[in-house]
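Using the sequences and the accompanying hints, generate a full structural model.
Protein chains: 2
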Amino acid sequence: MAESRKRKYDEAALRTLTRDDLEALEIGAGILGTGGGGNPYQGKLLALEALKAGYEMKILATDAIEADALCMSIGGIGAPVVGVERIREGREGLRCLTAMEELIRTPVDAIVCEEIGGANSMSPLVTAALGGLPILDCDGMGRAFPEMQMTTFSIYGHSSTPSVMCDLHGNAVIFSHAVSEVWHERMARACVVAQGGGAMLATAPMQAHFVHQFAIPRSYTKAIALGEAVIRARRQQEDPIAAVCDLEGGRRIFNGKITDLKRHLRGGFAVGDLELAGFDGWTGETASVAIQNEFLIFRRNGVVEVTVPDLIVLLDVDTGYPITTEMLRYGQRVAVIAIPCHDLLRSAAALEVVGPSAFGYPDIAFSPLPKAA
Amino acid sequence: MAESRKRKYDEAALRTLTRDDLEALEIGAGILGTGGGGNPYQGKLLALEALKAGYEMKILATDAIEADALCMSIGGIGAPVVGVERIREGREGLRCLTAMEELIRTPVDAIVCEEIGGANSMSPLVTAALGGLPILDCDGMGRAFPEMQMTTFSIYGHSSTPSVMCDLHGNAVIFSHAVSEVWHERMARACVVAQGGGAMLATAPMQAHFVHQFAIPRSYTKAIALGEAVIRARRQQEDPIAAVCDLEGGRRIFNGKITDLKRHLRGGFAVGDLELAGFDGWTGETASVAIQNEFLIFRRNGVVEVTVPDLIVLLDVDTGYPITTEMLRYGQRVAVIAIPCHDLLRSAAALEVVGPSAFGYPDIAFSPLPKAA
Numbered sequence: 000m001a002e003s004r005k006r007k008y009d010e011a012a013l014r015t016l017t018r019d020d021l022e023a024l025e026i027g028a029g030i031l032g033t034g035g036g037g038n039p040y041q042g043k044l045l046a047l048e049a050l051k052a053g054y055e056m057k058i059l060a061t062d063a064i065e066a067d068a069l070c071m072s073i074g075g076i077g078a079p080v081v082g083v084e085r086i087r088e089g090r091e092g093l094r095c096l097t098a099m100e101e102l103i104r105t106p107v108d109a110i111v112c113e114e115i116g117g118a119n120s121m122s123p124l125v126t127a128a129l130g131g132l133p134i135l136d137c138d139g140m141g142r143a144f145p146e147m148q149m150t151t152f153s154i155y156g157h158s159s160t161p162s163v164m165c166d167l168h169g170n171a172v173i174f175s176h177a178v179s180e181v182w183h184e185r186m187a188r189a190c191v192v193a194q195g196g197g198a199m200l201a202t203a204p205m206q207a208h209f210v211h212q213f214a215i216p217r218s219y220t221k222a223i224a225l226g227e228a229v230i231r232a233r234r235q236q237e238d239p240i241a242a243v244c245d246l247e248g249g250r251r252i253f254n255g256k257i258t259d260l261k262r263h264l265r266g267g268f269a270v271g272d273l274e275l276a277g278f279d280g281w282t283g284e285t286a287s288v289a290i291q292n293e294f295l296i297f298r299r300n301g302v303v304e305v306t307v308p309d310l311i312v313l314l315d316v317d318t319g320y321p322i323t324t325e326m327l328r329y330g331q332r333v334a335v336i337a338i339p340c341h342d343l344l345r346s347a348a349a350l351e352v353v354g355p356s357a358f359g360y361p362d363i364a365f366s367p368l369p370k371a372a
Numbered sequence: 000m001a002e003s004r005k006r007k008y009d010e011a012a013l014r015t016l017t018r019d020d021l022e023a024l025e026i027g028a029g030i031l032g033t034g035g036g037g038n039p040y041q042g043k044l045l046a047l048e049a050l051k052a053g054y055e056m057k058i059l060a061t062d063a064i065e066a067d068a069l070c071m072s073i074g075g076i077g078a079p080v081v082g083v084e085r086i087r088e089g090r091e092g093l094r095c096l097t098a099m100e101e102l103i104r105t106p107v108d109a110i111v112c113e114e115i116g117g118a119n120s121m122s123p124l125v126t127a128a129l130g131g132l133p134i135l136d137c138d139g140m141g142r143a144f145p146e147m148q149m150t151t152f153s154i155y156g157h158s159s160t161p162s163v164m165c166d167l168h169g170n171a172v173i174f175s176h177a178v179s180e181v182w183h184e185r186m187a188r189a190c191v192v193a194q195g196g197g198a199m200l201a202t203a204p205m206q207a208h209f210v211h212q213f214a215i216p217r218s219y220t221k222a223i224a225l226g227e228a229v230i231r232a233r234r235q236q237e238d239p240i241a242a243v244c245d246l247e248g249g250r251r252i253f254n255g256k257i258t259d260l261k262r263h264l265r266g267g268f269a270v271g272d273l274e275l276a277g278f279d280g281w282t283g284e285t286a287s288v289a290i291q292n293e294f295l296i297f298r299r300n301g302v303v304e305v306t307v308p309d310l311i312v313l314l315d316v317d318t319g320y321p322i323t324t325e326m327l328r329y330g331q332r333v334a335v336i337a338i339p340c341h342d343l344l345r346s347a348a349a350l351e352v353v354g355p356s357a358f359g360y361p362d363i364a365f366s367p368l369p370k371a372a
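Just so you know, the protein sequences line up as chains A and B, in that order.
Numbered by numbering that gives the first Met the number 0, the letters in the first sequence go through residues 0 to 372 in order.
Numbered by numbering that gives the first Met the number 0, the letters in the second sequence go through residues 0 to 372 in order.
Any given hint might turn out to be false.
[To be verified] Stretch-level coverage of chain A by chain B, calculated; a stretch enters the list once three of its residues show a Cβ under 8 Å from a Cβ in chain B:
| # | stretch |
| --- | --- |
| 1 | 164-174 |
| 2 | 185-192 |
[What the hints assert, rightly or not] To list a few chain B residues with every Cβ distance to chain A over 12 Å, as calculated:
| # | residue |
| --- | --- |
| 3 | 15 |
| 4 | 22 |
| 5 | 47 |
| 6 | 98 |
| 7 | 101 |
| 8 | 166 |
| 9 | 238 |
| 10 | 263 |
| 11 | 316 |
| 12 | 365 |
By construction, these hints were calculated from the structure, which means they are not laboratory data.
For glycine and all other residues, C-beta sits at the position ideal for the given N, C-alpha and C.
Next up, the structure:
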């Protein structure tokens with residue numbers, strides 16, 4: 000369909016990503032992944048391969064494209080643990096794009112990232128590069144969440160079907176109609192488990208004005224800046240954790256050593272709990288973090304202090320590198336930081352879908368972290 | 000799409016089904032179900048409802064339609080046990096038909112039954128009636144089998160994707176491409192479990208000449224005749240079991256009482272074993288039947304005697320009514336009859352897919368029942 004495309008944006012507004020940007024993005028997306036979303040490392044390798052092959056990755060602000068441009072959101076679906084062990088073939092996303100354009104008989108103008116946190120930061124870049132499309136500087140979560148209906152797109156009324164799911168074997172499935180966003184998630188999840196645990200899924204395209212209004216803005220710029228801050232702080236022997244907090248209005252809430260760790264797979268999700276014993280300024284205190292792919296609930300001395308959708312991030316206390324749930328180990332020394340989520344995730348409509356009760360904690364109210372003035 | 004259809008058959012060749020035909024079909028399809036395929040009773044109720052509402056069900060020989068006519072095979076997918084407890088909404092098949100015509104942008108000319116054995120004998124009739132199409136007098140199995148790739152269509156080279164699956168909630172899924180027929184089955188099965196265990200699935204349409212060559216012929220005529228034979232024998236106080244054997248070239252191989260019964264659900268399938276103690280001419284003998292939705296292996300005194308794909312049928316010893324796996328009870332008195340399957344199921348290609356080894360019995364060879372001259 001490439002030949003029938005009309006460019007709906009100004010070339011001058013594009014930012015072309017470099018190898019260094021991808022290295023920084025790996026770290027930043029890991030931080031925003033709040034423990035989940037899968038490790039971006041393999042996705043980065045595929046993206047670097049694409050750069051080497053001459054493809055370009057260009058990001059574009061959401062207001063720099065015509066309001067009626069068609070924007071297709073895409074992401075990987077499956078358990079992060081599977082992503083660690085099984086390498087994507089690399090063209091699943093492009094097959095999704097081609098199949099979607101055939102299905103709706105209209106060319107897509109831009110790619111949108113479903114989830115900036117974790118591995119899903121990288122896969123849309125590869126799809127956009129191979130498809131010759133820009134990728135909007137935004138995403139549907141501003142972090143990582145375990146399920147598809149947890150995007151701001153779904154929360155604010157976009158119906159994600161018809162969607163297209165392609166796996167590395169070459170199977171292609173179209174969810175042409177789902178009774179609800181949750182039904183869509185349920186069917187796709189079952190199907191991806193049958194496919195071996197990992198596939199790419201592209202949802203029904205949105206118009207750019209909707210994306211501009213309801214996407215979490217500047218996700219790529221922010222994630223890259225976060226990664227750069229960590230790299231710079233380490234190079235200058237400054238505190239990388241302070242650098243992350245400064246950039247994102249977060250604060251360090253605990254330094255602790257992992258004293259207990261429970262983690263298992265349930266219905267394709269990594270579920271568990273970890274216990275921390277404080278050190279430095281937190282000696283004598285304990286803390287715990289509840290996990291469902293992401294870090295959901297932070298308790299200090301048994302009392303809930305930070306909850307989803309605000310971001311609970313674990314960083315290696317020395318390097319500032321983010322720690323994902325599958326990398327957690329007994330004895331690890333971690334810094335816990337808390338970052339306020341975007342306001343689009345704090346509305347009543349959003350909290351119904353991504354607040355503590357949506358994750359099985361009906362008795363825990365979301366009490367928003369204060370934002371810096 | 001109804002207005003763009005050109006009729007590709009002679010009206011005079013149609014046989015319009017009556018209420019009595021449906022009553023006979025219920026019994027005949029139950030017999031050909033060889034214990035599986037689901038109970039046709041609820042499907043019959045939906046079919047009778049459709050008749051009452053003025054819809055017509057018309058069957059047509061496979062050679063009475065133009066060779067290039069487009070024929071869409073359809074059937075229910077899901078565990079038979081779910082079918083017993085959950086009533087179809089009734090229009091799932093019609094939604095499949097409409098979605099398929101939209102997808103391939105071509106009107107369908109006739110409906111084909113995927114599986115004459117059990118519940119799937121009835122659902123295509125309802126789809127055909129609501130869609131104003133004839134249904135061909137044939138099917139893809141000549142009996143019941145538990146999985147989609149086990150049709151003669153798949154066995155003899157038809158690729159069943161793109162397919163359309165619709166459930167009673169209103170969800171619609173298109174399997175646009177599957178790497179193989181088994182992958183298709185695997186993805187659809189996972190999805191139907193997520194949908195609650197039951198849905199209708201229409202496979203990629205075939206041309207009539209292919210159906211004529213590779214479908215099991217005269218399935219509806221045969222099933223109805225079988226049911227009529229049972230009803231007639233009972234009315235005339237003759238032996239219904241002998242009547243069934245006469246019609247289908249079968250023979251009674253055991254009369255027994257169920258002395259042991261193991262049955263459980265595994266991956267959406269009813270799996271188990273039953274033990275029989277002989278009576279009448281079989282006093283002192285024992286027999287067993289292995290079950291995977293259908294009756295697969297008949298052993299006499301521990302020795303294999305009849306195997307899938309030949310038909311092993313359990314009938315109530317007094318009434319001649321077929322007994323499905325979910326109706327089996329300790330102490331039941333049953334007659335076991337063996338019916339040779341159609342030659343299309345006996346080729347090397349077919350036995351790879353529907354022979355004993357395909358069901359996990361690699362050491363049991365298929366030794367075909369002799370056919371009457």
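Would you pick out the hints that fail for this structure and give their numbers low to high? 6, 7, 8
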